[in-house]
Each structure stands twice: as C-alpha cells, then as structure tokens.
Amino acid sequence: MTQHINVVFGAEREYETIVSDADAAGLAKDQARAWLSGEFERLECTPSNPMGKILVLDMVLNVAKYGGEDRFKERGDWAKQFAVATAVALGRPTVKVDVANFVVG
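By my numbering, the letter at position 13 of the sequence shown is numbered 6, and the numbering carries on one by one without gaps.
There is no bait here: all hints are sound.
Here are the computed lysine-lysine pairs in the DSBU-like style, where the Cα-Cα straight-line distance is at most 35 Å:
#1 K46 / K22
#2 K58 / K46
#3 K46 / K66
Have a look at the derived ranges for each label pair, beta carbon to beta carbon:
#4 D14 / T39: 30 to 40 Å
#5 M(-6) / E37: 28 to 38 Å
#6 M44 / A15: 35 to 45 Å
#7 S13 / M44: 35 to 45 Å
#8 G98 / N42: 13 to 23 Å
#9 M44 / I11: 31 to 41 Å
#10 M44 / A18: 33 to 43 Å
#11 S41 / N(-1): 12 to 22 Å
#12 R68 / A4: 14 to 24 Å
#13 G31 / N94: 17 to 27 Å
Hint data in this document are derived by calculation from the structure and do not stem from the laboratory.
Glycine included, every Cβ here is placed at the ideal spot set by N, Cα and C.
Take these sequences, add in the hints, and give me the full structure.
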C-alpha cells in the first residue's frame, strides 16, 4: 500500500512524501516508534501532555515541529525517514501532520 505523508507548516507550505511498500519493508511498528522517540529526545522536544505521557501522535507532531520546515523543504534523508516512520507507526494510507495547527489528520 502506498502511503502519503503531508507535513504542513502553513498556507502554501505543504510537503508531501510518498512511502512505498519497499520504503517501509523491514521496519516494524515498534522500530518506527523507537525512531520517533529517539528524534523526540535528540531534538529536545517538549511533551504536550503535562502528565508526561507521550503518545505517538505527540511524537509525530513534535518531531516535525522541532525538526523544522527546512528539513522537509530539502526532501533529504531525514524527511524521508520521518515519513517512513510516521507511515509505519500510524498505518494510515494518508496522514496530514499540520504543524501550524498542531494536529494530525
């Protein structure tokens, strides 16, 4: 299944990455979550939940936010890995990571 991961930083600032089965092959859901968790820590993201529990959607949103728009503009390895990890972790055919409004849809 081909998955579409769109990261939005505002009007006219949307970056789409298409994740194919080959891209996601060999990456298990727990490995995808581990990558997101590792980036969450490396980028020193702030948890959204005051109780400290970090949900996968919080990781996706914060990693995109703290990773910054430039990484998605460049369409480099980091942006591709983010898209693959997000696709595998969420398992949806289309994911919209709206950083500006802090929502995943």
